[in-house]
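Based on the sequences and whatever the hints tell you, model everything.
Each residue of the sequence shown is one higher than the one before, counting from 1 in this note's numbering.
Hints are computed from structural coordinates only; laboratory data are not their basis.
Since this is a predicted model, take the numbers as computed values, not measurements.
Each statement offered as a hint is correct.
Simulated pairs of lysine-lysine, DSBU-like, Cα-Cα distance not exceeding 30 Å:
{"no.": "1", "residue 1": "K41", "residue 2": "K8"}
{"no.": "2", "residue 1": "K8", "residue 2": "K109"}
{"no.": "3", "residue 1": "K109", "residue 2": "K141"}
{"no.": "4", "residue 1": "K29", "residue 2": "K8"}
{"no.": "5", "residue 1": "K153", "residue 2": "K141"}
{"no.": "6", "residue 1": "K29", "residue 2": "K41"}
Using C-beta positions, here's what the derived DEER-type ranges look like:
{"no.": "7", "residue 1": "D88", "residue 2": "Y167", "range": "36 to 42 Å"}
{"no.": "8", "residue 1": "T157", "residue 2": "R87", "range": "44 to 50 Å"}
{"no.": "9", "residue 1": "V22", "residue 2": "R60", "range": "20 to 26 Å"}
{"no.": "10", "residue 1": "L23", "residue 2": "F180", "range": "27 to 33 Å"}
{"no.": "11", "residue 1": "T157", "residue 2": "M33", "range": "47 to 53 Å"}
{"no.": "12", "residue 1": "E3", "residue 2": "R62", "range": "16 to 22 Å"}
We put the beta carbon where it would ideally sit given N, CA and C, even for glycine.
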Amino acid sequence: MFEWYGEKYWGAAHGLAGIMHVLMHMELKPDEMEDVKGTLKYMIRNRFPSGNYPSSEEDRNRDVLVHWCHGAPGIALTLVKAAEVFRDEEFLRAAVDAAEVVWNRGLLKRVGICHGISGNVYVFLSLYRVTGNAEFLYRAKAFACFLLDRALKLISTGEMHGGDNPYSLFEGIGGTAYLFLDMVEPSAARFPAYEL
Numbered sequence: 001m002f003e004w005y006g007e008k009y010w011g012a013a014h015g016l017a018g019i020m021h022v023l024m025h026m027e028l029k030p031d032e033m034e035d036v037k038g039t040l041k042y043m044i045r046n047r048f049p050s051g052n053y054p055s056s057e058e059d060r061n062r063d064v065l066v067h068w069c070h071g072a073p074g075i076a077l078t079l080v081k082a083a084e085v086f087r088d089e090e091f092l093r094a095a096v097d098a099a100e101v102v103w104n105r106g107l108l109k110r111v112g113i114c115h116g117i118s119g120n121v122y123v124f125l126s127l128y129r130v131t132g133n134a135e136f137l138y139r140a141k142a143f144a145c146f147l148l149d150r151a152l153k154l155i156s157t158g159e160m161h162g163g164d165n166p167y168s169l170f171e172g173i174g175g176t177a178y179l180f181l182d183m184v185e186p187s188a189a190r191f192p193a194y195e196l
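So, in structure tokens, the structure goes:
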């Protein structure tokens, strides 16, 4: 398994989910497709009872992170891609289960798309695009309304952003702006640089 700084990460940013997502954009041989499917099924089998996913192989006891980079949101986007590529309902069901985790635990203190609320909204937008189920659009709008209502106040107090890049696309309010643009036409929304 791929390692990053000595850990075998699972997430979309620098882990197994991201690698599988890229591979699903490639022309794969049948045995390679089975390897991708098998890896994703391994991840589904080894998720937490809550439906969330570990951040790494070494961190299988801490059900904490609900971010695109680590946890259910990024893996959900990869599972949606798998459902599209392989036409397998198991992947779509697992993505919907992960979306429940995001709905229940995904209102975070940061605004960006990597480890903030904006990134979590894309789980609902992706599922809405693939299923046409208006419940996912409702959830995307609810999270976006939370951002619109509270972001300025929380940003001004320093509560909703952090890290070195508070204005960037992935870590800061640039991700929020991108999300709001995507909310104009939600059925065409794609997570920036991930859902191609």
